[in-house]
Amino acid sequence: MTSMPMLDVRDLRVEFPGRHGSVTALDGVSLTIAAGEILGVVGESGAGKSMTGLAVQGLLEPPGHIAGGEVWLDGRRIDTLSEREMQHVRGREIGAIFQDPLTSLNPLFSVGRQLIETIRLHLPLGRAEARQRAIALLAEVGIPGPEERVDHYPHQFSGGMRQRVVIALALAARPKLIIADEPTTALDVSIQAQITSLLRKLCKEHGTAVMLVTHDMGVIAETADRVAVMYAGRLVEIGPVADVIARPSHPYTRGLMGSIPTLGARVPRLQQIDGSMPRLDAIPKGCAFNPRCPHVMPRCQTERPELRPSGSGLSACWLNTQAQERAA
Amino acid sequence: MIVFLIKRLANAALVMLVVALMAFMIFRFVGDPIQLMVNEQTSQAERDALRERLGLNESVVMQYLRFVGNAVQGDFGISYRNQQEVMSLIAERFPATIELVLMATIISLVVGVPLGVITAIHRRKWYSEALQFVSIIGVSLPSFVIGILLILVFSVMLNIAPAFGRGDVVSIGWWTTGLLTPSGRAALILPSIALSFYQITLVMRLVRAEMLEVLRSDFIKFARARGVPAWRVHYSHALRNCLMPVVTMTAMNIGSLIAFALITETVFQWPGMGLLFIQAVTFVDIPVMAAYLCIVSFIFVALNTLVDITYALIDPRLRNSKA
Ligand SMILES: Nc1ncnc2c1ncn2[C@@H]1O[C@H](COP(=O)(O)OP(=O)(O)OP(=O)(O)O)[C@@H](O)[C@H]1O
Ligand code: SF4
Ligand SMILES: [Mg+2]
Numbered sequence: 001m002t003s004m005p006m007l008d009v010r011d012l013r014v015e016f017p018g019r020h021g022s023v024t025a026l027d028g029v030s031l032t033i034a035a036g037e038i039l040g041v042v043g044e045s046g047a048g049k050s051m052t053g054l055a056v057q058g059l060l061e062p063p064g065h066i067a068g069g070e071v072w073l074d075g076r077r078i079d080t081l082s083e084r085e086m087q088h089v090r091g092r093e094i095g096a097i098f099q100d101p102l103t104s105l106n107p108l109f110s111v112g113r114q115l116i117e118t119i120r121l122h123l124p125l126g127r128a129e130a131r132q133r134a135i136a137l138l139a140e141v142g143i144p145g146p147e148e149r150v151d152h153y154p155h156q157f158s159g160g161m162r163q164r165v166v167i168a169l170a171l172a173a174r175p176k177l178i179i180a181d182e183p184t185t186a187l188d189v190s191i192q193a194q195i196t197s198l199l200r201k202l203c204k205e206h207g208t209a210v211m212l213v214t215h216d217m218g219v220i221a222e223t224a225d226r227v228a229v230m231y232a233g234r235l236v237e238i239g240p241v242a243d244v245i246a247r248p249s250h251p252y253t254r255g256l257m258g259s260i261p262t263l264g265a266r267v268p269r270l271q272q273i274d275g276s277m278p279r280l281d282a283i284p285k286g287c288a289f290n291p292r293c294p295h296v297m298p299r300c301q302t303e304r305p306e307l308r309p310s311g312s313g314l315s316a317c318w319l320n321t322q323a324q325e326r327a328a
Numbered sequence: 001m002i003v004f005l006i007k008r009l010a011n012a013a014l015v016m017l018v019v020a021l022m023a024f025m026i027f028r029f030v031g032d033p034i035q036l037m038v039n040e041q042t043s044q045a046e047r048d049a050l051r052e053r054l055g056l057n058e059s060v061v062m063q064y065l066r067f068v069g070n071a072v073q074g075d076f077g078i079s080y081r082n083q084q085e086v087m088s089l090i091a092e093r094f095p096a097t098i099e100l101v102l103m104a105t106i107i108s109l110v111v112g113v114p115l116g117v118i119t120a121i122h123r124r125k126w127y128s129e130a131l132q133f134v135s136i137i138g139v140s141l142p143s144f145v146i147g148i149l150l151i152l153v154f155s156v157m158l159n160i161a162p163a164f165g166r167g168d169v170v171s172i173g174w175w176t177t178g179l180l181t182p183s184g185r186a187a188l189i190l191p192s193i194a195l196s197f198y199q200i201t202l203v204m205r206l207v208r209a210e211m212l213e214v215l216r217s218d219f220i221k222f223a224r225a226r227g228v229p230a231w232r233v234h235y236s237h238a239l240r241n242c243l244m245p246v247v248t249m250t251a252m253n254i255g256s257l258i259a260f261a262l263i264t265e266t267v268f269q270w271p272g273m274g275l276l277f278i279q280a281v282t283f284v285d286i287p288v289m290a291a292y293l294c295i296v297s298f299i300f301v302a303l304n305t306l307v308d309i310t311y312a313l314i315d316p317r318l319r320n321s322k323a
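Chains as they are written, first to last, in my numbering: chain A, 1 to 328; chain B, 1 to 323.
Hints listed in this document are in silico derivations from the structure and should not be mistaken for laboratory results.
Pairs of lysine to any residue, SDA-like flavour, derived with a Cα cap of 20 Å:
1. B:221 x A:84
2. B:221 x A:103
3. B:221 x A:112
4. B:221 x A:87
5. B:125 x A:64
6. B:125 x B:231
7. B:221 x A:65
8. B:221 x A:120
9. B:125 x A:17
10. B:221 x A:64
11. B:221 x A:66
12. B:125 x A:65
13. B:125 x A:83
14. B:221 x A:50
15. A:204 x A:221
16. B:221 x A:108
17. B:221 x A:155
18. B:221 x A:83
19. B:221 x A:113
20. B:125 x A:62
Pairwise CB distance ranges, derived in the manner of DEER restraints:
21. B:124 x A:275: 35 to 43 Å
22. A:76 x B:124: 28 to 36 Å
23. A:125 x B:240: 20 to 28 Å
24. B:18 x A:19: 52 to 60 Å
25. B:15 x A:132: 55 to 63 Å
Reference listing, derived: stretches of chain B covered by chain A, where coverage requires no fewer than 3 residues with Cβ under 8 Å from a Cβ of chain A:
26. 212 to 222
27. 226 to 233
28. 236 to 243
Remember, it's a predicted structure, so these values are computed and weren't measured experimentally. Even glycine gets a Cβ: it sits at the ideal position worked out from N, Cα and C.
Pulled out of the complex, with its shape left as it was, chain A reads as follows (with noise of 0.2 Å):
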């Protein structure tokens, strides 16, 4: 990559300190994500990746903590920040997208009230021109009637719809980057595209950097550039999404790619793989796939593989590295 990225994640390390010891949620995560890009991020359940947004957003519940790494946003280190930086940070520079949109209003204020307090949160605006600029918003996100609407209640809202007040209220303060996590989990299906093209048109307007969580792989083959494959609180792949989806380098995506069958699946379990994710207090040593692996080798289970080039983005795997021996 050319320009320096938005978001510039390096070598994040998530603890959760226990009873029995430390665990490891998140272990060496890696990734950039330009201005203006969507990269997908996908990964069984218990992967890290809402881990990994919430680590950006220096939301990590206590006693979770960031152990390692640094996390650079539009070239300014955030993960040292103080929590009170980190208020003007959040909502200001980074917008955030929850799952379920039923649940992410405050139900007793007005979604108006919600709108012009994280505007007038982040901006220099009174309360006549916030409230101008919450209409505007709502009719961006395409809400027919804002002048009305703007005085309703969540649950005068569809969930499509409210969907779209939280789309308004991560991009109040035109953040330099968005964490979208499953934003269209929670939908009906005829809805899902609508959000999704809508995030991607907003986003490539404002030249808005996303990260985009979803189970969907249909999701992210519409609407992501790149993707990032997660397992076991790790990285395992990362690349432009049309590569990964048609030619994927860690035996893991490949997993993952061939278990769906068809754009628009969920991907809750993998059925080529055999086993599951191995719980965060047990991983096993070396790579963290290798008892699901079909293509183990003795050093899997002893060494760590870093992720290193492959075709056109980056892979964790011993095999990769090999070809690359051979090669050279």
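Knowing the structure of chain A, use the given hints to seat chain B with the ligands on it.
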């Protein structure tokens, strides 16, 4: 909804009839009313006349019905002790108790709600654990002990607040208030604190539990992700969502406070209904005891019914299933 309302009101009426029955039985069968009302010199003829006049020769059922009929009209007969009408005795004492109870309620909310919020937000901090512990003591300490301790410290040792009586009061119609005079307000301090102690711990624990629940919800996490400052997330977004149960509990508790006030009023010689009742017990003043029982129960039942109806108004799911 109408059906629910009728059911609920019928329920309340039934409870009141049972209470009235108990009051009546005390009235009728604890000792002979005639025996209690007359003295040695009264002739047998006079006693019979009195028996006739009080209707004690009618059947028990008739007497009970008449008792209920009179009670509904606020007529609980004549006090044995000072020959005054029971209802006017109670009306005289009622404002004192209500002012005490309302003050205690306000204190319990003003102190209990913030404590609940704080112990929920900082639940791992030492002071939250300490407050939780103290609240257990607060629940288990009898209120007369708290009252006596307060008197000991603030009246006897520090001499900064009066220990008994109601101070000067001002009449507004039949209502008398101590809130308008300095001595009346000073007199209210210790008894209302003593009475509110238990309530503070209840409010605190309820708010804490509700807050912990609400803080887990998505809209709180989303508010934080929007950059809303922590204090605002807690006191505006979260607390607002906890208030309904707090309001409910407060309404219900006013009833029990009136009943609890009995002990506090005795300790502080507060001229309220509770003190009246205690005096009635020592003098075996049956009509006053019966009236007190009926009135306190009525307040209880009325508040409970009101709360149930409010619930149903707010949550449509409760309208048909309950009652
Ligand atoms: N408080 C915690 N203490 C210890 N481990 C935790 C805690 N919270 C989450 N984890 C672990 O962190 C891991 C990553 O969770 P995360 O929510 O990021 O998964 P995910 O990839 O988003 O999965 P899903 O697709 O189900 O949303 C999980 O295995 C989870 O068990
Ligand atoms: S490193 Fe070894 S075990 Fe891991 S995916 Fe590659 S071949 Fe399989
Ligand atoms: Mg998740």
